Every structure is written in structure tokens, then in C-alpha cells.
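Work out the full structure, taking the sequences as your base and the hints as a guide.
In case you want the letters, here they are:
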Amino acid sequence: MLDVGALQVRYGEAVAVEHLDLALPEGGVLALIGANGAGKSSTLAAISGVVTPARGSVRFGGRDITRLPPEQRSRLGIALVPEGRRVFAALTVAENLTLGGAMHLDRAARAVRAEEMLGLFPVLRQFYRSRAGTLSGGQQQMLAIARALMARPKLLMIDEPSLGLAPKVVDDVFDLLAALKASGLTMLLVEQNVALALDLADSAVVLATGRVVLSGPAPDVAASELVRHAYLGQ
Amino acid sequence: MLLQQVINAISLGGIYALLALGLAIVFSITGLINFAHGELMTLSGYALLAALMMGMPLLPAAVTAVAAGALAAVAMERVAFRPMRGASVTSLLLTSFAVSNLLKVVFQNAISARGKPIAMPDWMAGVVPIGSFTIGVGPLMSIAVSALALLGLELFLRRTVMGAAMRAAAQDFNTLRLVGISANRVIAVAFLLSGVLAGIASLLWIAQRASVDPMMGFVPVLKAFIATVIGGLGSLSGAVAGGMLLGVMEVALQALLPPSLAPYRDALVLSGIIVVLLVRPNGLIPAVDTARS
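Residue numbers (our numbering), protein chains in the order written: chain Y, 1 to 234; chain B, 235 to 527.
Derived by calculation from the structure, the hints in this document are not laboratory data.
If you want the footprint, here are the derived chain Y segments under chain B, 3+ residues with CB under 8 Å:
id, region
1, 57-71
2, 84-90
3, 99-107
Small disclaimer: the values here were computed from a predicted structure and weren't measured.
The beta-carbon is built from N, C-alpha and C at its ideal position, and this holds for glycine as well.
Right under this line is the structure:
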């Protein structure tokens with residue numbers, strides 16, 4: 001479903017991602033692992049269209065989308081839950097959800113989908129008419145995921161969902177991601193909690209300074225010397 | 235007498251508020267302070283003149299004028315500002331000065347450097363008796379139109395999906411694009427709204443002056459810019475508050491200052507603004523912390 005070939009992302013002179021290859025089949029869950037500055041978020045930015053790659057290609061569903069702007073990629077079915085959640089703080093929960101599906105669903109279908117989201121995230125129901133900025137970090141993370149799911153995406157990318165959340169809330173978020181995986185959703189996950197990420201994912205790619213240093217099925221990556229020492233503390 | 239001055243103050247404040255809102259909508263989304271906003275006003279004025287000269291009745295001519303302001307705003311964005319998107323604040327500011335000056339020169343050379351009279355219907359100069367007072371029809375109508383425009387804008391921003399998208403864009407444009415909403419469309423609508431507001435303000439301005447000239451938009455938009463700064467740059471409610479405050483201050487000083495001090499009116503108003511900004515450096519109602527692209 002997603003094919004990234006020889007991707008290079010630069011910010012001026014600085015190279016954030018150097019020659020990255022990724023393949024993610026439909027229904028698969030891929031974890032992207034690496035230290036700060038390894039190029040994980042830049043990879044997501046290039047796939048979502050927030051940055052245009054300097055070199056390489058991004059293909060989605062067989063179509064070359066390397067130069068499409070983010071709004072068009074969203075309409076093709078790519079959704080990103082950005083790092084730091086980025087909910088629209090001044091808007092209500094209801095409005096955040098509406099915007100998530102504004103370009104993908106008509107009014108009636110949006111209402112149905114929003115109701116489904118409230119079923120999936122019951123905590124959002126009681127804050128439905130509250131400003132998103134008043135929610136807790138965990139609730140905002142739920143809202144950010146719900147907003148992305150409003151569009152019924154084919155690929156859901158999530159950047160650091162556990163960042164800044166209490167352990168109990170992290171468990172809730174990952175339970176939810178596991179449920180989404182079980183429903184057949186294709187996901188690309190960037191997560192600093194490597195144990196959790198590898199537990200959820202089918203396959204994993206380890207990045208270091210913009211390059212792939214290891215990739216393979218998640219259990220193999222988890223069992224590797226590199227990951228056990230550097231990320232799992234074993 | 236006092237009532238009449240209050241009406242005048244709200245009427246003038248309302249015009250400033252409409253113009254300040256137009257500036258604030260565009261600034262909150264694009265980071266551009268559009269100094270060519272005044273020329274949108276002027277252009278609407280000439281459109282009104284042309285429509286009346288072609289024999290249109292006042293109301294359709296007024297609608298034509300507002301539509302011309304709106305279209306011109308969208309065209310201005312498409313031609314001058316879109317190629318500059320992502321440029322620094324300074325570059326954007328200089329671009330808007332260039333557009334502003336270019337349009338002024340076009341108005342001067344293609345139409346006339348002098349003012350063109352626009353005959354307003356007699357009823358607009360009439361008065362409404364309220365008890366032992368009389369209130370001018372013009373200022374009352376101006377207040378009503380401003381209030382309706384503000385209400386319409388509020389409903390648009392609060393009740394429509396595009397309105398929600400515009401409020402979201404003011405906060406986090408990149409994330410809005412990630413959910414599939416086109417940057418071009420949101421920016422075009424922001425300019426469209428600013429053009430509609432400039433067109434309405436132009437009608438109200440002309441209704442009290444009965445003429446249009448190439449420099450017409452300059453002073454009111456300078457005032458509107460001051461109003462947005464007092465209110466809090468990028469804050470919509472702040473723009474309205476700032477516009478109203480400025481209108482009230484000007485009318486109050488006009489009425490209260492002895493004739494010998496009258497030439498100092500603007501200096502006193504601006505001093506008052508410095509005081510406001512010393513007390514509240516981010517304006518009366520600061521914009522929420524924004525992450526602009």
C-alpha cells in the first residue's frame with residue numbers, strides 16, 4: 001500500500017533522512033524506531049506531504065504522490081496524528097471532529113462517523129461541546145486520533161502517541177491502537193517506547209542519523225542485539 | 235447632544251471595526267498585514283460610482299460595490315500574495331505596500347486624482363426624532379449595517395464548517411492541511427471576507443462623505459491598523475474592540491476638546507493608544523498563541 005523509495009529529506013544543508021526505503025502492505029503495522037533526530041518525524045512529514053523530499057519517491061496505492069500537497073494526500077486516505085497532538089485548542093471537540101472529516105464525508109456521513117468516534121472514545125462524549133484546549137493530554141491524544149479517523153483513512157500514521165502521557169493513559173492509547181489493528185487498519189507508528197511499539201507492530205525499521213540500520217519482522221528486530229541494548233535496556 | 239455623539243462614536247467605531255476585522259482575518263491566517271486593504275475600499279467606492287452612473291438603483295449598486303471589493307481581494311491574493319506565500323513578514327508587508335501604491339496610481343491615472351461626487355439620497359441626511367432629541371439617519375443606518383455585518387461574520391465563523399476551518403487555520407495551518415482542507419481555499423475565503431468587509435465599510439464611509447477619491451482608503455485603514463494593534467494583532471474580537479475604542483476616543487475628543495486644542499486630536503488619540511499598549515502590550519484581547527506556517 002505504501003512504498004517509499006530512496007527517500008532523502010533535507011532542511012537546507014542539513015540532511016534529516018538519507019536514502020530510506022520502506023514498504024508497508026495493506027493491513028500491516030510498521031514501527032519506526034530511532035533516537036531523537038534519527039529522521040522518524042521527517043519521514044512521516046515526507047509521507048504526509050508537510051515537507052517535499054529532496055530525492056526519492058513516495059507511492060501510495062500504486063500512485064506516485066511524492067509532490068502532492070498534504071491536503072490532497074489526506075483525501076487519498078493518508079492521515080497523520082502529529083507529534084504533540086496538535087488539536088485545534090480554540091475549537092470544540094465536535095468542531096475538531098467535523099474538520100477531520102470535512103473534505104471526506106458529507107454532513108450526514110460526518111454525523112454518523114462522529115457518533116462512531118464517540119463510541120470508540122467515550123471520554124470525548126462528555127467534553128463534546130468543550131474547547132479541545134481544556135482537555136487533558138491523554139484526552140487530547142484520543143481526540144487527535146479520532147480526528148484523523150474521521151476521514152476513514154486507509155493509512156494512519158501516528159507520531160509519538162505516548163509522549164507526555166501517564167502510564168495508565170499510554171496503556172489505553174495502545175489498547176485502542178491494537179483494536180484498530182485488529183480491525184484491519186494499516187498503520188505507521190513512530191514511538192519512543194520501543195517495547196510497546198514492537199509489541200504492536202508486524203514489522204519494524206530502525207533509523208540512525210537518517211539511515212536504516214535494521215529492518216525486519218517486529219519479533220526479529222526486538223530480539224536483535226542492537227535493539228535489545230540500545231532501546232530495550234537488556 | 236450627548237446621545238448624538240454616542241451614536242456618532244459607535245457609527246465611526248463600527249466602520250473602523252469592520253476594516254480592522256478584515257485586516258485581522260487575513261493576518262490571523264496568513265501573517266500578512268495587508269496595507270492594500272484601503273485600496274479595496276477605494277475600489278468598492280469606484281464600483282459604486284460606476285454602478286450608479288450606469289443607472290442602477292442604490293441597493294443593487296451597493297451590492298455590486300461590495301461584490302467588487304470581494305472579487306478584488308481574491309484577485310489581489312491570487313496575483314500578488316500567493317506567489318509570496320511563505321515569505322518573511324517584511325517581504326509580505328512590502329508586497330502589500332507595492333500593491334497599495336500601484337492601485338492608487340491606477341486610480342489617479344485611469345479615473346481622476348480628484349474626488350468624484352457620489353450623490354446620496356436625501357433621506358440619508360434626514361433625522362429621526364427621539365423624544366426631544368434628533369438622531370441622524372446616516373449614523374443610525376451605519377450602526378445597523380455594521381452590527382449586521384459583525385453578526386453575519388460571527389455566524390459564519392461559528393456555524394459553518396468553513397468558519398471552523400478558518401478559526402483552526404489561525405491556530406495551526408499545517409495541521410489543518412493534514413486533515414485535507416486546502417490552504418488555497420481557506421486563504422481565498424479569508425481574503426473574500428476581508429474584501430466584503432472593506433466593501434461594506436466603503437459604503438458607510440461614502441454615505442457620510444458623498445465622494446470617492448484615490449486616497450479614500452488610506453486614512454481609515456491606517457486607523458483600522460491601529461485598531462487591530464490596540465485590540466491585539468490577529469485577534470478578531472480584539473479588532474472589533476480596538477475599532478470601537480478608537481472611534482469613541484476620536485468622537486469624544488472632537489466633542490470635548492476646546493477649538494484651540496482641536497488640531498491635537500490625533501496626537502492625543504495616539505498618545506492614548508500608547509498608554510493602552512503600555513498597560514496591555516499584547517492588546518486588549520490578545521490572539522491565542524498561534525503556530526503559523
